[in-house]
Amino acid sequence: MTFPMEREAVMIDMTESPTTRSSPAVTIESLSKLYLTKSGQPVSALSDVSLTVESAQTLAILGPSGCGKSTLLRVLAGLDKAHRGHVRWAEAPAGHADGRLRTATVFQQDSTLPWLTVADNVALGLTRLRLPRKDVRARVEEYTALVGLDAFRSAYPHELSGGMKQRVSIARALAARPALLLMDEPLAALDAQTRIVMQAELTRIWRTISSTVVYVTHDIEEAITLADRVIVMTARPGRIRSDRRVEIARVDAAGEPLSPLQVRADPGFGALALDLWADLAEPDDTQREDA
Amino acid sequence: MSTDAHARRTALPPASAPDDDAVYQHALRARRRRTVYRISLGVAVPLALILLWEAAGALGVMDTRFIPRPSTVVAEMADGFVNGTLAAELAEHGAASLLRLAPGFLLGAFAGLVMGLLMGVFDAVKFGFGPVISATFPIPKVAIYPLLIVLFGIGDLSIVLAVAIGVFYMVCVNTMSGVVYSNPVYRDVATAFQIPKRIEYLKIVLPGALPSIMAGIRLGLGVSLIVLVATEFVGAQAGMGYYIWTSWQTLNITAMFSGLVVISLFGVLSTWLLDVIEVRLIPWSRL
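Here the protein sequences line up with chains W and H, keeping their order.
Taking this note's numbering, the leading residue of the first sequence gets 397, the next gets one more, and so forth.
Taking this note's numbering, the leading residue of the second sequence gets 35, the next gets one more, and so forth.
The hints are simulated quantities; they were obtained by calculation from the structure and are not laboratory data.
Because the structure is a prediction, the values reported are computed rather than measured.
Heads up, the beta-carbon is just placed ideally off N, CA and C, and yes, glycines get one too.
Honestly, I wouldn't trust all of these hints.
As the list claims (entries may be wrong) - Just some of the chain H residues that point at chain W, by a computed CB distance under 7 Å:
#, residue
1, Phe163
2, Asp222
3, Thr225
4, Gln228
5, Ile229
6, Pro230
All chains, full assembly: derive it from the sequences and hints.
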């Protein structure tokens, strides 16, 4: 499998982890998940899904509601342990000696804890790492600043807007320096304007931290704007329909990141959006063949 | 006052001064008018009810031998306080009741909190004790009092335990549902960030259940007063329940009403205390 070079400019920034680009960060092998309805009927959420996420890659999972994309993310996050199939991580759990969590998650809904300040919310995500107090403070300062909340460290979540609360969640996830950053429709609850601003923010932040990202969304444009690779899933049963690379420049000639609106102006953007639309709309042939 | 305290607690950048002073003044006036409206109705309605009572007595609709007019009650109470007899009686019986209420309430609330948290957190405890708790919950706690007398004899211990049992159920059931029904995303955060269990319980589970725990404690307070007075009616030689009951039997109506006033003061003061605690403990739920 060839690996496109569109993140060339980004790779230059990744002085921290100059690992090989196409090494897998996590491999999912024939993952299946059933839910039981109240009456005991089985509903298939994921059916035999296999997927490899490569290091330093931003992977968007796109699909209608009920296609199992959130279930897939919850399995990766360790929130769903009752499934069939294997999840193989590239790195064995290192006992957190390197000061990183394997995964950290940004949830769709507001997941800030209302009884903790912004700083304490971010610090809470670091408790497993058992860092010295001053390292915790340093990380809290670094990542609240990164998401633009330096002035609000001692504010409580109820004093913040929806977009700012989501920034707190993002800072909390980033501060754990996860090997794999998981985001479950993190911008879905925000208004359209804030969403564009946050998309630009995410692009900027990902350039800085060079983490591997799995990003669940139902928004085609958001997927193309943010991701290197887009996977389309279909519902009932949850399966991977298509797997496409995004070949759109995210930086200009000078290496400066383009805004989400500039990215959308790329001629390749519309074409890819149409392809993804087709993937999403196409009736499920596989299902008919099965029957 | 609350905005000042608020500003000190947080580092929110100060709000910009209102641009349009006239609009600001108008908003202030509207709020003030509403406050005046609220307070004047809150005073006027009880006053009207007392007047109605007074009128019923004065017009002979009510037999003043049993239900004296409020003016008579207040005048006799004032007498009793001036010559000290009523004050001394109330202090004696009030103290006796308080010495049963406080330990019973604290014991029941603490046990209920621990059991509720255990049931909320551990399925085994919930599955094991849930049916027992649900089956015994609907029993009026006063009805357990004879059993307690059989076990512990007539005396303070039985009353304290009856109060504790009444409080226990309210706090236990509300704490458990506070843990079980708090926003599931809080527990997801704990799992997703592999937060150590001890920190999860202290910093996520307990605060998340606090609003419900406080509701349970409020309900428990109401139950504790009911159980206290009811058990003192029959099982004590001192205390507000005993005092109210003997006042009625000797047709000392003023003393009876004084007892009711003291009991309602217990309720008002402890509710106020809980309000103060709640604002400190769960500032986020009041906004």
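Consistency of the hints with the structure:
1. Phe163: Constraint on H/Phe163 not satisfied, violated at 25 Å.
2. Asp222: It holds, given that the least Cβ distance between H/Asp222 and chain W is near 6 Å, below 7 Å.
3. Thr225: holds, 5 Å
4. Gln228: holds, 4 Å
5. Ile229: holds, 5 Å
6. Pro230: Hint holds; H/Pro230 Cβ to chain W Cβ min 6 Å, cut 7 Å.
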